[in-house]
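Protein chains: 2
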Amino acid sequence: MSSRRNFLRNTALGLTAATLAPLVNKGESLHFDEFEHSKDLPVGIADWTFVNFDIPQSIQMMQRLDIHHMTIKNFHLPFNSTKEKIDEIIKQYKDGGISIYGVGVIYMKNKDEVDQAFEYAKNAGVSLIIGVPEHDQIDYVQEKVKSYNIKFAIHNHGPEDKLYPSPEIAYNLIKDKDARMGLCLDIGHAQRAGVDPAKAVLKYNKRILDMHIKDVTAAAQDGKAIEAGRGIINFPGLVRALRKIKYLGHCGIEYEKDMKDPLPGIAESVGYFKGVKDGAL
Amino acid sequence: MSSRRNFLRNTALGLTAATLAPLVNKGESLHFDEFEHSKDLPVGIADWTFVNFDIPQSIQMMQRLDIHHMTIKNFHLPFNSTKEKIDEIIKQYKDGGISIYGVGVIYMKNKDEVDQAFEYAKNAGVSLIIGVPEHDQIDYVQEKVKSYNIKFAIHNHGPEDKLYPSPEIAYNLIKDKDARMGLCLDIGHAQRAGVDPAKAVLKYNKRILDMHIKDVTAAAQDGKAIEAGRGIINFPGLVRALRKIKYLGHCGIEYEKDMKDPLPGIAESVGYFKGVKDGAL
Chain A
51 MSSRRNFLRN TALGLTAATL APLVNKGESL HFDEFEHSKD LPVGIADWTF VNFDIPQSIQ
111 MMQRLDIHHM TIKNFHLPFN STKEKIDEII KQYKDGGISI YGVGVIYMKN KDEVDQAFEY
171 AKNAGVSLII GVPEHDQIDY VQEKVKSYNI KFAIHNHGPE DKLYPSPEIA YNLIKDKDAR
231 MGLCLDIGHA QRAGVDPAKA VLKYNKRILD MHIKDVTAAA QDGKAIEAGR GIINFPGLVR
291 ALRKIKYLGH CGIEYEKDMK DPLPGIAESV GYFKGVKDGA L
Chain B
51 MSSRRNFLRN TALGLTAATL APLVNKGESL HFDEFEHSKD LPVGIADWTF VNFDIPQSIQ
111 MMQRLDIHHM TIKNFHLPFN STKEKIDEII KQYKDGGISI YGVGVIYMKN KDEVDQAFEY
171 AKNAGVSLII GVPEHDQIDY VQEKVKSYNI KFAIHNHGPE DKLYPSPEIA YNLIKDKDAR
231 MGLCLDIGHA QRAGVDPAKA VLKYNKRILD MHIKDVTAAA QDGKAIEAGR GIINFPGLVR
291 ALRKIKYLGH CGIEYEKDMK DPLPGIAESV GYFKGVKDGA L
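These protein sequence lines map, in sequence, to chains A and B.
Mapped onto the working numbering, the consecutive letters of the first sequence carry residue numbers 51 to 331.
Mapped onto the working numbering, the consecutive letters of the second sequence carry residue numbers 51 to 331.
Next comes chain A alone, as it looks inside the complex (with noise of 0.2 Å):
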């Protein structure tokens, strides 16, 4: 066939297609195969990504990265505000489409700091608690946990840590408490400890609570914080790990690179993350 026949057959097919095409809408199948991005493991933001930005800074990154949960941190929100101004503020997010689901992290040394945490997180209407609370106040923590009804997770940080150098030692401490008790997993710090994030995942179960997604260089105590990707954390196995045992979390992104100009990067490892979990289905 001559290339101006062809021209011609297929010019005619390309506008058969043209006129058929806005009848087509998501998830029917004319031409390609049906498909539907994973809606599990809803992603999510922790507020410490945005330590050097006002309120509106980050509600109009959250906007443009198309991400609308985040937990909270006293930076945004003063541990010692007023209910009317804690509202205020929960307010302000929630016009610029964002849901606060979490305060957190939050150092607690002593009873006072429990009990200021707990106040803080009902006048702030979240069920979820992120902190770091001196071993010893475990116990008081839990007495709180059953009376305010607020879930109540431990951060891990990594391995120069005094309290919580690994996930392992937050686990051990919550294993036998109320099952509202458990961990904010932060995967970075997990894998410096040299623990592998799906198999903390996969041990700690029903325990995780949140997570703290990000990449690290190495392995390694030293190991630094890179965009979601290029690092060494097995993304695959993780959120395999996660579908497995059923999370029904978020997945709070916290990116601590470039943090004074952090956009590109929160977005490159917003965008891997969501990649790994269409690409794992």
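A few of these clues could be false.
The list treats identical chains as one, so a pair stands whether inside a single copy or across any two.
[Unchecked claim] Below, simulated DSSO-like cross-link-like pairs (lysine-lysine); rule was C-alpha separation at most 30 Å, straight line:
no., residue 1, residue 2
1, Lys144, Lys274
2, Lys249, Lys307
3, Lys89, Lys307
4, Lys159, Lys256
5, Lys294, Lys161
6, Lys194, Lys296
Everything labelled a hint here was simulated from the structure, so no lab data went into it.
Put chain B on the given structure of chain A with help from the hints.
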């Protein structure tokens, strides 16, 4: 066991891990599964993405994105440049860690424009032209492909295009020509024409010489460009298809949303594509 004893025991384990960890290289297994990022399907960029930026700005963005391969457009490498000027510009990219693997997209209405394109590609030292030739220039393009030993990839547009409203039309024009003639498959335009990019990959196979990677909001003429992973394109299917045909070319991100401030959207798109690659392994 008391919390205190757990603390001491686990801190000791944590320190051991920290001490051993620097000895662990990527790919070696200590506490975590071996994991290798996908090394296939190298990500590049199509220069159209940077139409609003000069060369230093473009290089800076690619460096931040950890991208090192691109195809160049004439707004950064003018057609009428002397050989010296071309060398200077290519060196500017090379010094920034960027390798130019192709020129285009170049429109060719007549023999003179075909001649110019091949001289330009030869002077730029690339082995690939991405072009939009008038259909009646295809035979002449083939002559040039043979005499210059430069590959020629026809770029498809969407259903509104007069010349190449779908990849099928380009394919039919070159399928019986020299094996160095093929397609630069633009998956966004293909999807807007109702063509599943994964199916196109399987069908056109070794004739796919380059790719323009993007996402679109709808499989319809009025589908809009959007961050990869937010639209309707089945990227996991695409990646599996590219692996099935053992595609050895580049995957050139072409980002066409927010073109005056594209970095976060490019980053998200690059991250998503890399995530799908790793997740679908």
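(message) If the cut is 30 Å between Cα atoms, do Lys89 and Lys307 qualify within a copy, between copies, both or neither?
(response) Classified as both: same-chain Cα gap 28 Å, cross-chain 24 Å, threshold 30 Å.
(request) At 30 Å max between alpha carbons, let me know whether Lys294 reaches Lys161 within a copy, between copies, both or neither. (result) neither (37 Å within a copy, 60 Å between copies)
(message) When Cα atoms must be at most 30 Å apart, do Lys159 and Lys256 count as within-copy, between-copy, both, or neither?
(response) Close inside one copy (26 Å), not across copies (64 Å); limit 30 Å.
(message) One pair to classify: Lys194 and Lys296, alpha carbons no more than 30 Å apart. Within, between, both, or neither?
(response) For Lys194 and Lys296, the Cα distance is within 30 Å only inside one copy (27 Å; across copies 58 Å).
(request) State whether the alpha carbon distance between Lys249 and Lys307 is at most 30 Å within one copy, between copies, both, or neither. (result) Only inside one copy: Lys249 and Lys307 sit 25 Å apart there, 39 Å across copies, limit 30 Å.
(message) Regarding Lys144 and Lys274, is the shortest C-alpha distance of 30 Å or less found within a copy, between copies, in both, or in neither?
(response) between (33 Å within a copy, 28 Å between copies)
The structure does not agree with numbered hint 5 stated previously, though it agrees with all others.
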